[in-house]
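Visitor: Residue strings, one per chain:
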Amino acid sequence: MTTPTTRKDPVILEMRSITKEFPGVKALSDVNLRVKAGEVHAICGENGAGKSTLMKVLSGVYPYGSYSGDIVYQAEVQQFKDIRASEHAGIVIIHQELALIPELSITENIFLGNEPTKRGVIDWAEARRRSLELLARVGLREDPDTPIKEIGVGKQQLVEIAKALNKSVKLLILDEPTAALNESDSQHLLDLISGLRSKGITSIMISHKLNEIEQIADSITIIRDGKSIETLDVKGDGVDEDRIIKGMVGRTLESRFPEHTPKIGEVFFEVKGWTVGHPQIQDRLVCKGSNFYVRRGEIVGFAGLMGAGRTELARSVFGHSYGRFISGQVFKNGKEIRMHNVRQAIDAGLGYVTEDRKTLGLNLLDDIKTTTVSANLRAVSKNFVVDTDKEFTVAEEYRKSLRTKTPSVEEGVAKLSGGNQQKVVLAKWMFTDPELLILDEPTRGIDVGAKYEIYGIIQRLANQGKGVIVISSELPELLGLSDRIYTIFEGSITGVLNKDEASQESLMKLMTSNRKSA
Amino acid sequence: MNALKKLFGGNTRQFGMIFALVALIVFFQIFTEGRTLTPGNVINLFNGNSYILILAIGMVLVIIAGHIDLSVGSVAAVVGVTVALAIRDWGIPWYMGILLGLALGALIGAWQGFWTAYVGIPAFIVTLAGMLLFRGFNQFVGKSNTIPVPNDFQYIGSGYLPEVGPNTGFNNLTLLIGLAAVAFVVIGEVRARRTAKALGAEVNEAWVMVTRLVLVCGAILYATYLFATGRPGTSFPIPGLILAVLVLIYGFISAKTVIGRHIYAVGGNRHAAELSGVQSKKVNFMVMMNMSILAGLAGMIFVGRSTASGPFDGVGWELDAIAAVFIGGAAVTGGVGTVIGSIVGGLVMAVLNNGLQLLGVGADLTQIIKGLVLLAAVAFDVYNKTQGKKSIIGMMMKNFGRRSEELTPDETTSTKEVISKEA
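For the record, the sequence lines run as chains A and B.
For the first sequence, the positions run 1 to 518 when the numbering used here is used.
For the second sequence, the positions run 1 to 423 when the numbering used here is used.
Source of the hints: derived by calculation from the structure; they are not laboratory data.
Heads up, none of these hints are tricks.
DSS-like, lysine-lysine: derived pairs with alpha carbons at most 30 Å apart:
{"id": "1", "chain 1": "A", "residue 1": "Lys-332", "chain 2": "B", "residue 2": "Lys-282"}
{"id": "2", "chain 1": "B", "residue 1": "Lys-197", "chain 2": "A", "residue 2": "Lys-390"}
{"id": "3", "chain 1": "B", "residue 1": "Lys-256", "chain 2": "A", "residue 2": "Lys-405"}
Can you make the complete structure from the sequences, with help from the hints?
Guide: Pasting the structure below:
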């Protein structure tokens, strides 16, 4: 059933009027997708548009029979009953959350479930030899015996691709491959994908990073609200970011950032000589004598590459919630304050929206209303008893003011899309009424429309006279949003630029250099 | 059909689990030819299981917080023997004995909480050690002897509400408690409905509520009747009373208070809870300590009931309590569970035990059946979740305060996560 055709078919995959329903929701309705052999085909759409669902249909996560429509792959109608079947046919999906086992070595991971054997015993010599070959193909110079947990996310992504190559992949599906990567790792990955293209491997890539799509994709299919809207030919149609956004949201966003005139007041929050050690490694410092300040009504950006110590700095200031505190002072309104735990930090008027919503920011078992009040239960309780009516009212207010899309505030947060989850997290911190709100990657994994709304919320907070710190890996975001940007490199603050003097180039230079700020 | 769905399914799922229990009771009532629902048997059932149900209350909090406690049987035993010895050898009065027992439970709980919360050793290990440790202490302190307790101490384990007031043919206090419970249920339901309406949340039609109330109140009144018409000298048992009070207190704490919220938050996602200002170590410490206090109480009630403390008190109790909690819809991964659910789960096991005994089924078969019921109840729940349907136990428990959300795969929840949540 899955014998590859030798005939050169320009179309490797065609998905015809795919419809997939979940109880109560039509996730996909009549979606069509045509992928030509040997191209990089990007799928764009807002979160919740149905991109991942479509890929799960294709790769057999949702087996044949659970959807309607046809999958024509290599000129044959396919009926994948599980991932194994689709992999057998040469379709390999790499999920956003990597499916590698941290304790096992690179080789063991590459051959997991597919171990080369000799008389029933795993032939490790052969496995090692082949994994060296595969690593060379993906351009990863690592000892294949290195445990996965010891290499960075960027390299792990490459191991995933090596694993796919080992399965003699013909169609590679990458779900947000660069979401967790820094600029240079992303670039390396994109280069690798184009390299694979020249070797005849077709890729389907889901990404929110439109600049990457513009750079690498040959064609783009846009999905909106579970329907395929259009397929663009990048070279022929002269596609740019604005064109893609228009297709995704169904309207042109005049600007990616809302209009905002900052009203900046006096310095009210200042950190001096902040030095923090790594939680496990004895002599390693994650923050080296950092100094920074925030003024009222100001949006301050923190730029730095992955692992530069941005999150570490923010979390250690936020009630020592990361690392070993060594030295440093925090001043609020000119007076020194001490925060030894998160509770004290919240009481001191700080809020911190975490980088990783699902593992650090949310209890996915909770519903919207309990999440909204969870950082400030005191405000909805009396004598330690929670007033559930008040809780409901508060959650309802935030649902309306932040325009969270949900049938009810009693809905579980796990069911919301990324953008709406982030709104709930923002509501939770807004309800603590912080004077300084730190937002760590506030728009990661969030679609364009919701990003715009979240920028608006951030600006509204600043207009209320609050200080806002935004940590982000996306430089255009920092440039569009911040009034002032600090750059961090290897735990040190290397510079600070005002909005008008900052550019991607000037920031990148400071983010990658060791020189201290003047 | 639609009406039934509205009453028992749909928005009013809360009776589902209880219906499993009712079905079981009806089954045994028929097959034991009416020997199940007699005053004597029901009183006996409560007396003989109240200590397990008390343990289940503590255990569900431990499990919600993401831990487990294997030491409860041993803790109960060591508290029981210490109190029995203190009363016999030091001559302290019974109430001082109870206070001593609770204090000892708290001390043991602080020990286990310290290792679990502050040192960070998994509770499974800490309490496995505790299980050995405190069993040893029990036999060391009591020199493996049976130590009798005086009559006034036996009251907490085998006493009944006294006869007061005019002779009505019923036990008046039991009657009063039953009527108070009915009033409590009716007023609670009506008020909840009124506020829900005022806030604009969804409410059921009036007839649904009325029918439901009639059913619940009917059940309460029937139970009251059974308890109030027992053999002269018997009535609602004291252990049952202690249990009822504890259910009310802990049900309230878990659903409505800040500490309750914190327990669910820590069990659901410890990191997220910590970064929201929840002091997870404190929460874990308190949950473990509370469990041992309740274990101490259960131990004392058992000693009171069996009139003496022995070296093998409480053997295997931890497993009964844990089974009750899981039948009651809690999740192994933490964050999900209810006090009421666990009590119902415990009662399912108790009724099963009792009914099989009445039928003359041997202890061997009883164990086999109980094991299968536990497996089937949880398997059914897991199966339903993996089919993308709602969790039966979860939805039955939905309105018992906290809900257990089923996760449907969507754009932002990867399959892996859904699977790990379901596991």
